[in-house]
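> The chain contents come next:
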Amino acid sequence: MNLKIPIISTTIAVTSGLAVLLLYFSPLLIANVDWRTVLLQWATSLGAVALLVGLINLASVHSRRLDDEGPFPVNSLVLMLAMIITFIVVLVFGPTSVGAMFILNYIQIPVETSLIAILAVTLIYASARLVRRKIDTFSIVFLSTGLVILLTTSPLVTDLFPIVGERLQALRAWFTSVPASGGARGILLGIALGTIATGIRILMGADRPYGG
Amino acid sequence: MQTVHTVGKMADIRCQMCGKFNPDDLVECKHCGARLKPLIAPPLSNDDSGTNWANASQEDTLSWLRGLGQDEENQESGLGLDDTDDLPDWPGSSSTQIESASSGLDWMDDVRGNASIDSGALRDESVEETPGSGSLPSWLSIDEEEVSEQNPSFVESPEMESPSTEDDWLNTLSSEDSLTATVSLPDWAEQSKDFAPEEQLSDDLPGRLAPSPQEVTPEPDDFDDDLPSWLKSGESSLFEQKTQLTPESPSDTELDGEFPDWLDSLSRKTGMTGKLGEMPEWLDENEPSLALEKQDEADEEGTLDWLATLGDVPEEESGSEDWGAGVGSQSGSVGTVGGLTLDSEDSFISAFDKGETPDWLESLQGSEVDYLETSDTLSEIEPSSWGLEQTPELEDWQDTERPPQEPVRTLSPEDSDISGGLPSWVNAFRPIDGADIATEYTEGKLERIGPLAGLRGLLNPEADIAKTTKPPTYSDSLQVSSSQHANAQLLQSLIETESVPQSIPDVSPLSSQRILRVIIGIVLILTMVFPLISGTENIPLPTQPLPQEIQSIWNLSNSAPLDRPVLVSMDFDPGMSGELEVAAAAVFDQLMARGVPLAIVSTSPVGAGLGERQVAYLQSNFPYDHHYVYGEDYVNLGYIAGGTAGLANFALIPRQSVVMAYDSRPIWELLDLDAGNPWLSPVMKNITLLKDFPMTIILTDSPDIARNWVEQVEPHLQDNALTMIVSAQAEPFVRPYLENTDPTNRQLEGLLVGLRGGASYEQAKNSSFLGRLYWDAFGVGVLVAVLLILAGGGFNYLDQLNKTRRQARKSKPRK
Numbered sequence: 001m002n003l004k005i006p007i008i009s010t011t012i013a014v015t016s017g018l019a020v021l022l023l024y025f026s027p028l029l030i031a032n033v034d035w036r037t038v039l040l041q042w043a044t045s046l047g048a049v050a051l052l053v054g055l056i057n058l059a060s061v062h063s064r065r066l067d068d069e070g071p072f073p074v075n076s077l078v079l080m081l082a083m084i085i086t087f088i089v090v091l092v093f094g095p096t097s098v099g100a101m102f103i104l105n106y107i108q109i110p111v112e113t114s115l116i117a118i119l120a121v122t123l124i125y126a127s128a129r130l131v132r133r134k135i136d137t138f139s140i141v142f143l144s145t146g147l148v149i150l151l152t153t154s155p156l157v158t159d160l161f162p163i164v165g166e167r168l169q170a171l172r173a174w175f176t177s178v179p180a181s182g183g184a185r186g187i188l189l190g191i192a193l194g195t196i197a198t199g200i201r202i203l204m205g206a207d208r209p210y211g212g
Numbered sequence: 001m002q003t004v005h006t007v008g009k010m011a012d013i014r015c016q017m018c019g020k021f022n023p024d025d026l027v028e029c030k031h032c033g034a035r036l037k038p039l040i041a042p043p044l045s046n047d048d049s050g051t052n053w054a055n056a057s058q059e060d061t062l063s064w065l066r067g068l069g070q071d072e073e074n075q076e077s078g079l080g081l082d083d084t085d086d087l088p089d090w091p092g093s094s095s096t097q098i099e100s101a102s103s104g105l106d107w108m109d110d111v112r113g114n115a116s117i118d119s120g121a122l123r124d125e126s127v128e129e130t131p132g133s134g135s136l137p138s139w140l141s142i143d144e145e146e147v148s149e150q151n152p153s154f155v156e157s158p159e160m161e162s163p164s165t166e167d168d169w170l171n172t173l174s175s176e177d178s179l180t181a182t183v184s185l186p187d188w189a190e191q192s193k194d195f196a197p198e199e200q201l202s203d204d205l206p207g208r209l210a211p212s213p214q215e216v217t218p219e220p221d222d223f224d225d226d227l228p229s230w231l232k233s234g235e236s237s238l239f240e241q242k243t244q245l246t247p248e249s250p251s252d253t254e255l256d257g258e259f260p261d262w263l264d265s266l267s268r269k270t271g272m273t274g275k276l277g278e279m280p281e282w283l284d285e286n287e288p289s290l291a292l293e294k295q296d297e298a299d300e301e302g303t304l305d306w307l308a309t310l311g312d313v314p315e316e317e318s319g320s321e322d323w324g325a326g327v328g329s330q331s332g333s334v335g336t337v338g339g340l341t342l343d344s345e346d347s348f349i350s351a352f353d354k355g356e357t358p359d360w361l362e363s364l365q366g367s368e369v370d371y372l373e374t375s376d377t378l379s380e381i382e383p384s385s386w387g388l389e390q391t392p393e394l395e396d397w398q399d400t401e402r403p404p405q406e407p408v409r410t411l412s413p414e415d416s417d418i419s420g421g422l423p424s425w426v427n428a429f430r431p432i433d434g435a436d437i438a439t440e441y442t443e444g445k446l447e448r449i450g451p452l453a454g455l456r457g458l459l460n461p462e463a464d465i466a467k468t469t470k471p472p473t474y475s476d477s478l479q480v481s482s483s484q485h486a487n488a489q490l491l492q493s494l495i496e497t498e499s500v501p502q503s504i505p506d507v508s509p510l511s512s513q514r515i516l517r518v519i520i521g522i523v524l525i526l527t528m529v530f531p532l533i534s535g536t537e538n539i540p541l542p543t544q545p546l547p548q549e550i551q552s553i554w555n556l557s558n559s560a561p562l563d564r565p566v567l568v569s570m571d572f573d574p575g576m577s578g579e580l581e582v583a584a585a586a587v588f589d590q591l592m593a594r595g596v597p598l599a600i601v602s603t604s605p606v607g608a609g610l611g612e613r614q615v616a617y618l619q620s621n622f623p624y625d626h627h628y629v630y631g632e633d634y635v636n637l638g639y640i641a642g643g644t645a646g647l648a649n650f651a652l653i654p655r656q657s658v659v660m661a662y663d664s665r666p667i668w669e670l671l672d673l674d675a676g677n678p679w680l681s682p683v684m685k686n687i688t689l690l691k692d693f694p695m696t697i698i699l700t701d702s703p704d705i706a707r708n709w710v711e712q713v714e715p716h717l718q719d720n721a722l723t724m725i726v727s728a729q730a731e732p733f734v735r736p737y738l739e740n741t742d743p744t745n746r747q748l749e750g751l752l753v754g755l756r757g758g759a760s761y762e763q764a765k766n767s768s769f770l771g772r773l774y775w776d777a778f779g780v781g782v783l784v785a786v787l788l789i790l791a792g793g794g795f796n797y798l799d800q801l802n803k804t805r806r807q808a809r810k811s812k813p814r815k
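Chain order of the listed sequences is L and V. If you're matching positions, the first sequence starts at 1 in the working numbering and goes up one per residue. If you're matching positions, the second sequence starts at 1 in the working numbering and goes up one per residue.
Source of the hints: derived by calculation from the structure; they are not laboratory data. Do not rely on the hints blindly, as some may be mistaken.
Simulated restraints, written as ranges between beta carbons of each label pair [unchecked claim]:
1. L:Y24 - V:Q548: 26 to 36 angstroms
2. L:L29 - V:P501: 53 to 63 angstroms
3. V:S477 - L:T11: 18 to 28 angstroms
4. V:P666 - L:Y24: 38 to 48 angstroms
5. V:T688 - L:R185: 27 to 37 angstroms
6. L:D68 - V:R809: 46 to 56 angstroms
Taking lysine-lysine pairs in the DSSO-like style, the calculated list, with each CA pair at most 27 angstroms apart, reads [what the hints assert, rightly or not]:
7. V:K37 - V:K20
8. V:K470 - V:K445
9. V:K803 - L:K134
10. L:K134 - V:K812
11. V:K445 - V:K37
12. V:K810 - L:K134
13. V:K30 - V:K20
For glycine and all other residues, C-beta sits at the position ideal for the given N, C-alpha and C.
Extracted from the complex, chain L is given alone in its bound form:
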């Protein structure tokens, strides 16, 4: 027997999973307490704590970078300052305070939106480079599908060329409803089956994503 297997954590995980699963089919009320909800509340609290632990870990990593020798980590300094300031503002003045909403409206949302904008430019450039890198059937189909969806999405084409625009709208609807939805359904079914398999593996202790 491999003694390195985390017996305690595995036991807790398997027991909790089995309990939640069984209680899902047959709720158990002891002392007028629904133990299924109790376990779910524990999981929710642990999730919140995990988020806090992640923030602490991020702060510790970048704080160590600030102490390390070599080039000064400006990015780490900015991240640490932003984290500290935001944490203080939100904690002290509230999450919907003026200061907190200012940070959200004028720092966080523009920064993240800019990243999405850069993503748009990058995707266009990558599509243009696709024919340079490799030209085969799949690359041509991929690129053609993207172009058709973009063209059918654009209201300008529909308005400038009404007759063509209607056909393009119909083509887009077909792409969305048939190929895209069909592929998405397949992915969803795969996710469902994978979830079941993963759940069984976790309940059996074969898969231990919690470590070990």
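Given the coordinates of chain L, assemble chain V onto it according to the supplied hints.
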């Protein structure tokens, strides 16, 4: 061993393999081909039950040897000597058989001389009634062939201790149609044939038939003490009812200086004389001083003179008188062994001269003694345990090695060097006769040394693990072909290149790719920023009628009650706010224009802030008649931690999962839990569970979040309608929850996708919000993106084509 059945006039032999009967004249079973008759000896038993003691299992047969090794407690307490149940089968059975005169002590009959002994019989009256009394004890009648065949006939017999077992071995002794049962008396028995058996029965009996000490309580000089203890035990049991043992007076048992008492008694009867030095000293065990004196003398001589004397018995006498010859005579194919058995017996007994009485012999006085023996047991016993280790005869015998195919010689009295060192019961296992046949037909390794020398097919006494042969060495290198090796190297090179960081080649700032990238960015920004800045509304909003999924949202928003809030989940990242806020603006505007209360929640840490931003944007840019106040018109439930588990918990017990509102209270006011409890606000006064919400709107750009809401929350909504406002990238994953031919089983009531859906909603609402503002920029930007892809693709294709041509031109050799 086969079983003989007499059917009518013809004796049939039942095959032990298939159980069918065969004519007596067949050697092999006509049904299965198995050998019906042993190679050496004929069957010894007529018992159909097959419970002959000789068929006892090997394990059982070993038990008596184990019993020989028992401690002296049994000897001291005399266990089993008084109880026939504890006795070995044959003594126990003998006592009863003698009493019932059913079969009698056959081998004792042999001792006393049976009907086949011309020189006179020392037959007991009860024995006279038993036909075939010339049989021997079956332990002496073990067929050598059976031993050589790993003794398969020594099958386990549960009746070993039962009366039927008594019949077995006695039946073995009984005459058979193929059993001549000619038993020769030993010399001493032959010489004592004239004297009354009733009087000297106990004296003449072998020790195993001698009465137990408890029964007889012999004097130290008692005649019985001259016998081996194993002779006594049997005798006590056998004749405790038949024979009243009367210890002789010490005067009668005193040594005359030449013979042990019992031999002395015999000598008085027969006139046999001898010297003390020729007597085995075990007979003088009650005379330790005398035994010690003679031991030194015997050691100096290196051999026992008396054995030599016995070995000098004329062949014709030994062949006809030795009782041990019954073994050979029973086989029917072997001549008389003569003095072999007696010699071996005496030499065996001579071991007591060394003062090394073997334990197994002492244990014969114990309770359980099985006179069964197997070759394995014998081979495992050290000679020292027999007390024969210093016996020259035994050493000589052990040193004797025969060639593998050399047939075993028929033992004769002249083989005193072999037989003299072994007890007769051991010799009974030896291939006395028919050995040639045995060696011819028996496969397996020939045993060269030990008591079973000359036998084949014996079980190896050593475990295979004990064999110290060097294990073969296997190469740890993988045997692969050249192609496999090449593929492995290719795979290894691929893996290595993945792990090694590739150096980015220095690209000139004016390289074509860098220029192309910059051009794409500039064109996109200019084409999209210009309509936003100029505020153009050149491109009209979609004029098509609202799709059904959007129409459902429209209807739900218009019919939402004012006393219960609509649950709105802001589950998207701030980077996607440009699309989702525009799409949701018209819906929020519709709800807020009617004054429908809102309850904002999020599974994203910043989602609650985005909800606050949405409400604040609409309220600041589109002044409504009903100004929304936090706590009165809307409430922010904040962030639901825990992902899927938190969402399930929220669906089950929303009041317990969210206990603090996402508001603007400073930290010093957070201690007032009631003030921060959103469920105590007027907005949530009618809400206990999620089903109490009239409508739920999920804003997300993630298919996973949409799936979690459908899977975890939707079953608890009941009358609460679940709708979604998603980005265009998540539409294919969400639409399957909407598309259901049965509207009652739809998991989604309404779906609004991206900027186009928001613009359509605004057009249907006939209002102008962010959708209208972004619509021109969106239209131009998408078209420009398509053009950039086409232009860039063409440029890259031509650039690559030119590069290929240049390389081909360079590589072409100049003429």
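> If a hint holds in the structure, say so; if it doesn't, say that too.
Each hint tested on the structure:
1. For Y24 (chain L) and Q548 (chain V), the Cβ-Cβ distance of about 34 angstroms falls inside the hinted range of 26 to 36 angstroms, so the restraint holds.
2. About 59 angstroms separates the C-beta atoms of L29 (chain L) and P501 (chain V), a value consistent with the hinted range of 53 to 63 angstroms.
3. The hinted range of 18 to 28 angstroms is not satisfied by S477 (chain V) and T11 (chain L), whose Cβ atoms lie roughly 43 angstroms apart.
4. Checked against the hint of 38 to 48 angstroms, the pair P666 (chain V) and Y24 (chain L) passes, with Cβ atoms roughly 41 angstroms apart.
5. Checking the proposed 27 to 37 angstroms range against T688 (chain V) and R185 (chain L) shows it holds: the Cβ atoms sit about 35 angstroms from each other.
6. The hinted window of 46 to 56 angstroms between D68 (chain L) and R809 (chain V) holds, with their beta carbons roughly 52 angstroms apart.
7. For a cut-off of 27 angstroms, the pair hint linking K37 (chain V) to K20 (chain V) stands: about 14 angstroms separates their Cα positions.
8. With a C-alpha separation of about 22 angstroms, the suggested pair K470 (chain V) and K445 (chain V) falls inside the 27 angstroms cut-off, and the hint holds.
9. Between K803 (chain V) and K134 (chain L) the alpha-carbon distance is near 14 angstroms, which keeps this suggested pair within the 27 angstroms criterion.
10. Proposed proximity of K134 (chain L) and K812 (chain V) is supported: the alpha carbons are some 24 angstroms apart, at most 27 angstroms.
11. At most 27 angstroms may separate the alpha-carbon atoms for a hinted pair to count; K445 (chain V) and K37 (chain V) meet this at roughly 22 angstroms.
12. About 23 angstroms separates the Cα atoms of K810 (chain V) and K134 (chain L), which keeps this hinted pair within 27 angstroms; it holds.
13. As the CA atoms of K30 (chain V) and K20 (chain V) are separated by approximately 9 angstroms, the hinted pair is consistent with the 27 angstroms bound.
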